[in-house]
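Trainee: Line order of the protein sequences matches chains U and G.
The opening position of the first sequence corresponds to residue 1 in our numbering, with each subsequent residue numbered one higher.
The opening position of the second sequence corresponds to residue 1001 in our numbering, with each subsequent residue numbered one higher.
Keep in mind that the hints were calculated from the coordinates and are not lab data.
A portion of the hints provided could be inaccurate.
Unchecked claim - Ranges between beta-carbon positions, derived for each pair:
id: 1; chain 1: U; residue 1: T103; chain 2: G; residue 2: G1041; range: 15 to 25 angstroms
id: 2; chain 1: G; residue 1: A1111; chain 2: U; residue 2: Q41; range: 10 to 20 angstroms
id: 3; chain 1: U; residue 1: E14; chain 2: G; residue 2: R1061; range: 21 to 31 angstroms
id: 4; chain 1: G; residue 1: T1096; chain 2: U; residue 2: Q80; range: 42 to 52 angstroms
id: 5; chain 1: U; residue 1: Q41; chain 2: G; residue 2: V1045; range: 44 to 54 angstroms
id: 6; chain 1: U; residue 1: R81; chain 2: G; residue 2: I1012; range: 38 to 48 angstroms
id: 7; chain 1: U; residue 1: T13; chain 2: G; residue 2: A1068; range: 30 to 40 angstroms
Stated by the list, open to error - Rough simulated footprint, nothing fancy, chain G against chain U, three-plus residues with beta-carbon under 8 angstroms:
id: 8; segment: 31-41
id: 9; segment: 47-61
id: 10; segment: 106-114
Note that the structure is a prediction, hence the values are computed from the model and not measured.
Note that CB positions come from ideal geometry on N, CA and C, so glycine has one too.
Below are the chains, spelled out letter by letter.
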Amino acid sequence: GAGVSQSPSNKVTEKGKDVELRCDPISGHTALYWYRQSLGQGLEFLIYFQGNSAPDKSGLPSDRFSAERTGGSVSTLTIQRTQQEDSAVYLCASSQGGFPADTIYFGEGSWLTVV
Amino acid sequence: KNQVEQSPQSLIILEGKNCTLQCNYTVSPFSNLRWYKQDTGRGPVSLTIMTFSENTKSNGRYTATLDADTKQSSLHITASQLSDSASYICVVSALTGGYNKLIFGAGTRLAVHP
């Protein structure tokens, strides 16, 4: 696609429910990142995928968070048993090869509200 | 600890004026420094990327500088426009495990008034 696509763009869920957020990176991009941005805060790293390598999951805040990337393309971020503090914008980004000076392109984000 | 600090936190200027945003970082091993523009409710959009050996880079009315010795960067906006109203985020890459681990500043919120 032309850009990084994320869905849903907005999600309101009840506390305790599970949610899935989807990211379609730019076609051909092998590197994919997930970040979280709470209201008025900077972006917080969650997870990084590069090709077929084992992902860097060091940013996932708890075991309620998981992510997978199928076929080296689409990625899904899953939050189980959502809590109110999970309310944030979840941003996905991709880059061509994961090289140091690659431009990293962001999607528009999935706005999650846990009530 | 890897950190990126930006100042000012927020800034209001009049249309047509220039402004400079600051970024100080303590990131190791340093790979590159990026400036992003984030409109309210949108994803960040890349403005510039500078590696260790580059000390200035321009993108239209945006000019970024980098002093790798003092670990400081600035983003200068010339002849501001209303559409420049946004958050400007300084992002420093640490080359860790063979990839860019991005460390984000909290951003400077710029408001351009007519």
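Trainee: Each hint: holds or not?
Mentor: Status of each hint after checking the structure:
1. U/T103 - G/G1041: 15 to 25 angstroms: 22 angstroms Cβ-Cβ, so the 15 to 25 angstroms window holds.
2. G/A1111 - U/Q41: 10 to 20 angstroms: holds, 19 angstroms
3. U/E14 - G/R1061: 21 to 31 angstroms: violated, 46 angstroms
4. G/T1096 - U/Q80: 42 to 52 angstroms: At roughly 28 angstroms between Cβ atoms, U/Q80 and G/T1096 fall outside 42 to 52 angstroms, so the hint is violated.
5. U/Q41 - G/V1045: 44 to 54 angstroms: Check failed, 19 angstroms falls outside 44 to 54 angstroms.
6. U/R81 - G/I1012: 38 to 48 angstroms: With a Cβ separation near 42 angstroms, U/R81 and G/I1012 satisfy 38 to 48 angstroms, so the hint holds.
7. U/T13 - G/A1068: 30 to 40 angstroms: violated, 44 angstroms
8. 31-41: Held - the segment 31-41 of chain U has 4 residues with a Cβ nearer than 8 angstroms to chain G, which meets the minimum of three.
9. 47-61: Holds, because 3 residues of the segment 47-61 of chain U bring their Cβ atoms closer than 8 angstroms to Cβ atoms of chain G.
10. 106-114: With 4 residues close enough to chain G, the hint holds.
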